[in-house]
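Asks: Sequence:
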Amino acid sequence: MFVKGALVSASLIMAIGGQNAFVLKNGLKKNNVFAVSLICFLCDFLLMTIGVLGLGSILATNKWLSGGLAIFGAAFLGVYGFNSFKSSFAGNDSLLIDGQNQVSDKLKTTVLATLAVTLLNPHVYLDTVVIVGGIAGTLAFEQKLQFLAGALLASFVWFFGLGFGARFLLPLFQKPKAWRILEFVIGCIMWWIAFGLLAFAYRLFIGQ
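Residue 51 in the numbering used here sits at position 51 of the sequence shown, with consecutive numbering throughout.
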């Protein structure tokens with residue numbers, strides 16, 4: 001069950017999404033990387049634990065909660081994506097990395113941004129609470145604990161590996177063009193997810 005939990009968690013977390021793009025960007029900027037990685041892991045810890053212990057059905061069966069969360073999340077990701085496109089086309093030189101003069105954002109600002117990117121994305125709840133919790137739903141209590149331990153280990157390794165491993169890409173991102181491309185890709189990802197959330201809300205409230 002430990003290996004199964006790790007594989008399920010890894011397959012969900014490693015998919016390209018807004019949270020991973022955010023962690024990668026902050027890893028490249030060396031911006032409070034430990035705090036960003038830790039917050040992402042702790043959110044997974046909380047949500048996966050809730051899901052595995054059988055409380056995920058509350059979110060899965062509440063249409064208004066799920067739909068409202070989707071609309072709110074789409075609005076947030078829409079603004080975040082717009083800012084990324086703005087930085088991409090404006091060619092923000094402040095993002096350049098020279099390997100010597102690293103200026104991090106304030107810790108409070110980074111913490112709030114990480115929580116927003118993580119908790120305002122309904123896909124996080126779908127993956128951690130509903131899917132992980134649903135798979136563990138038929139297991140015995142001891143097996144659930146093993147499954148949860150494996151899932152959490154995969155989450156820990158992924159977020160800290162992505163955050164601190166991003167520095168190996170630093171030579172590439174010393175070029176302004178690379179940052180502009182990254183910002184554009186992040187904007188596309190954010191808007192793609194936002195569109196999916198709006199489509200989900202439409203089907204939930206109108207499409208039936």
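The reader is advised that the hints may include incorrect statements.
[Claimed, not checked] Straight-line C-alpha distance at most 25 Å; calculated BS3-like pairs for lysine-lysine:
#, residue 1, residue 2
1, Lys175, Lys30
2, Lys175, Lys86
3, Lys144, Lys30
4, Lys63, Lys25
5, Lys25, Lys144
6, Lys25, Lys106
7, Lys108, Lys30
8, Lys144, Lys86
9, Lys63, Lys86
10, Lys4, Lys108
It is worth saying that the hints were derived from the structure and are not from the lab.
Asks: Indicate, hint by hint, whether the structure satisfies it.
Replies: Consistency of the hints with the structure:
Using a Cα cut-off of 25 Å, the hinted pair Lys175 and Lys30 holds, with the two alpha carbons roughly 16 Å apart. Using a Cα cut-off of 25 Å, the hinted pair Lys175 and Lys86 holds, with the two alpha carbons roughly 18 Å apart. For a cut-off of 25 Å, the pair hint linking Lys144 to Lys30 is broken: about 36 Å separates their Cα positions. For the hint pairing Lys63 with Lys25, the CA-to-CA distance comes to about 34 Å; that exceeds 25 Å, so the pair is violated.
Note on Lys25 and Lys144: the hinted pairing is violated, with a Cα-Cα distance of about 34 Å set against a maximum of 25 Å. The straight-line distance between the Cα atoms of Lys25 and Lys106 is roughly 16 Å, inside the 25 Å bound, and the hint therefore holds. Restraint check for Lys108 and Lys30: satisfied, since their Cα atoms lie roughly 16 Å apart, inside the 25 Å limit. A hinted pair counts as satisfied when its Cα atoms are at most 25 Å apart, and Lys144 with Lys86 does not qualify at roughly 45 Å.
For the hint linking Lys63 to Lys86, the alpha-carbon distance of about 34 Å lies beyond 25 Å, and the restraint is violated. Taking the CA atoms of Lys4 and Lys108, the gap is near 36 Å; set against the 25 Å cutoff, the hint is violated.
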